[in-house]
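Enquirer: Going line by line, the protein sequences match chains A and B.
Read in order, the letters of the first sequence correspond to residues 0 to 141 in numbering that gives the first Met the number 0.
Read in order, the letters of the second sequence correspond to residues 0 to 285 in numbering that gives the first Met the number 0.
Simulated from the structure, these hints should not be mistaken for laboratory data.
Glycine included, every Cβ here is placed at the ideal spot set by N, Cα and C.
Be aware that one or more of the hints could be misleading.
Listed next, with one range per pair, are the computed distances between beta-carbon atoms [claimed, not checked]: (1) A:Glu68 with B:Ser209: 32 to 42 Å; (2) A:Gly49 with B:Ser207: 25 to 35 Å; (3) A:Ser26 with B:Asp154: 29 to 39 Å; (4) A:Ser26 with B:Asp59: 41 to 51 Å; (5) A:Lys65 with B:Thr205: 35 to 45 Å; (6) B:Ser283 with A:Lys37: 16 to 26 Å; (7) B:Gly231 with A:Asn101: 33 to 43 Å; (8) B:Asp154 with A:His33: 24 to 34 Å; (9) B:Asp154 with A:Lys54: 44 to 54 Å; (10) A:Gly49 with B:Pro219: 45 to 55 Å.
If you want the building blocks of each chain, they are given just below.
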Amino acid sequence: MKTILSFTLGLLVLLCTAHATVDDALSYALQAAHPYVKEGFTVREDYWGGDLPVKQQKAIVQQLFKGNEYWFWMGTDVANAKISVHVYDADGKLAEAEYWKNKPHMAAARVVPKVSGSYYLIVEIEKSPLERTHWALAYGFR
Amino acid sequence: MINFSSTARPAQRNTANPGKFRPGLLSALLAACMPLCALAKDAEPPRSIDVGSLPATVVDEVVIPMPTEVFGVLDKLGSPNWHEVMRPVKTETLGKRPQVALLLGATIAEGFIAVEAQEPEDVKKIGRQVLSLSKAIGVQKSVISRTSSIIEAADKKDWSTVRREFDGALKDVKQAMIELEDAQLAQLVSLGGWLRGTEALTQVVTKSYSKDGAELLHQPAILDYFQRRLDGLNPRLKENKAVRQIAQGLPELRPLIEPAGNITPQKVERIHAITADMVKTISSQD
Numbered sequence: 000m001k002t003i004l005s006f007t008l009g010l011l012v013l014l015c016t017a018h019a020t021v022d023d024a025l026s027y028a029l030q031a032a033h034p035y036v037k038e039g040f041t042v043r044e045d046y047w048g049g050d051l052p053v054k055q056q057k058a059i060v061q062q063l064f065k066g067n068e069y070w071f072w073m074g075t076d077v078a079n080a081k082i083s084v085h086v087y088d089a090d091g092k093l094a095e096a097e098y099w100k101n102k103p104h105m106a107a108a109r110v111v112p113k114v115s116g117s118y119y120l121i122v123e124i125e126k127s128p129l130e131r132t133h134w135a136l137a138y139g140f141r
Numbered sequence: 000m001i002n003f004s005s006t007a008r009p010a011q012r013n014t015a016n017p018g019k020f021r022p023g024l025l026s027a028l029l030a031a032c033m034p035l036c037a038l039a040k041d042a043e044p045p046r047s048i049d050v051g052s053l054p055a056t057v058v059d060e061v062v063i064p065m066p067t068e069v070f071g072v073l074d075k076l077g078s079p080n081w082h083e084v085m086r087p088v089k090t091e092t093l094g095k096r097p098q099v100a101l102l103l104g105a106t107i108a109e110g111f112i113a114v115e116a117q118e119p120e121d122v123k124k125i126g127r128q129v130l131s132l133s134k135a136i137g138v139q140k141s142v143i144s145r146t147s148s149i150i151e152a153a154d155k156k157d158w159s160t161v162r163r164e165f166d167g168a169l170k171d172v173k174q175a176m177i178e179l180e181d182a183q184l185a186q187l188v189s190l191g192g193w194l195r196g197t198e199a200l201t202q203v204v205t206k207s208y209s210k211d212g213a214e215l216l217h218q219p220a221i222l223d224y225f226q227r228r229l230d231g232l233n234p235r236l237k238e239n240k241a242v243r244q245i246a247q248g249l250p251e252l253r254p255l256i257e258p259a260g261n262i263t264p265q266k267v268e269r270i271h272a273i274t275a276d277m278v279k280t281i282s283s284q285d
């Protein structure tokens, strides 16, 4: 009985992992964005996503405009994973005005660009029980 | 809905001053704090990174800003006359697939301009034209509900919904093209939208020049991205007249958008002339 239960649970975990997608990660990123919509942020329909092993970062180059304020919201479907997003300017200096990453499934960073131009968004899976963890990054501006 | 008031704040630094502690307790407190200190150190992102050798693989895809990201800043800098920037909506579908893709992007950008001008009838016409152009390249199914929402929201003058649906339409048509293994055509949609948006931006800044307005043209990552995409286009697509003209004109734009803080009125006018010419070709009979 115990063996069957362990097998079933194992199978369930495998199936859940197989079904977990970037879409699930995106749903958490959008959940993180939701409160900010009330504050006047327009959330873009486009987003970035993929899967990453623990401690490996991904860099995204993005155009930001002085005069706007931006939030970048990162999500993952893995509940006990720890993820982060940080923003650097074209010279490589940390550009974010604030960030948070202590909520399950989510992390975020806010930027008020001092110049219009290219910025680097660095996303990372800091901790995860899985070999590869799905992530998605959405952004909004006002 | 989640309340983020407790978390949406700047990360706290570890500012504890050991001098305030009683000496007898110092070692015990230090030992107890070790995991917390480690956590705080772990929590702090590096103050700078070497962008010449990034500590990460770089995602090749660039999310092209929606025109509203730029138009919103122009609105904050002054009160542009968006009616002057608007173009009459064409109702015919011109040219072959590459040109239709470019025109589709330019038409969606026109939709954003019509939203800035708050012209419901033009927005509705543009919504219908988006559907008709999508049909011409076989992706109309992906935008039917978006265009219906655009028309409904325009009737109610619900501009934020219209903006969201235009943005969604752009994403959906590109996704549909990628699913049809036409990713290169999807890039042309983005390019057409960016060109019309840039033409509109330069028209506004030319009329009422400001350094901050001109700085919005400093978009090196986007220009480099489009250049890479055009270089990698299928030779069949490169033969298209509009694509050929854009491929020739884009490198001319690159030096004009530098440096960020000094894009002169002359440079703005030149960028306007180049992009206006490209948009004219996109909108003309092949």
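Enquirer: Each hint: holds or not?
Expert: Each hint tested on the structure:
Between Glu68 of chain A and Ser209 of chain B the beta carbon distance is about 19 Å. The supplied range of 32 to 42 Å is therefore violated. Gly49 of chain A and Ser207 of chain B have their C-beta atoms about 42 Å apart, which leaves the hinted 25 to 35 Å range violated. At roughly 30 Å, the beta-carbon separation of Ser26 of chain A and Asp154 of chain B lies within the given 29 to 39 Å, and the hint holds. Between Ser26 of chain A and Asp59 of chain B, the C-beta spacing of about 25 Å breaks the proposed range 41 to 51 Å.
Against the hinted window of 35 to 45 Å, the Cβ-Cβ separation of Lys65 of chain A and Thr205 of chain B comes to about 19 Å, which falls outside the hint. Here the CB-CB span from Ser283 of chain B to Lys37 of chain A is close to 44 Å, at odds with the stated 16 to 26 Å. At about 42 Å, the CB distance of Gly231 of chain B to Asn101 of chain A agrees with the hint of 33 to 43 Å. Range check, Asp154 of chain B to His33 of chain A: about 27 Å between beta-carbon atoms, so the 24 to 34 Å window is met.
As the Cβ distance of Asp154 of chain B to Lys54 of chain A is approximately 52 Å, the hint placing it in 44 to 54 Å holds. A C-beta distance of roughly 24 Å is found between Gly49 of chain A and Pro219 of chain B, which places it outside the suggested range of 45 to 55 Å.
Of the hints listed earlier, those the structure fails to meet are numbers 1, 2, 4, 5, 6 and 10, in rising order.
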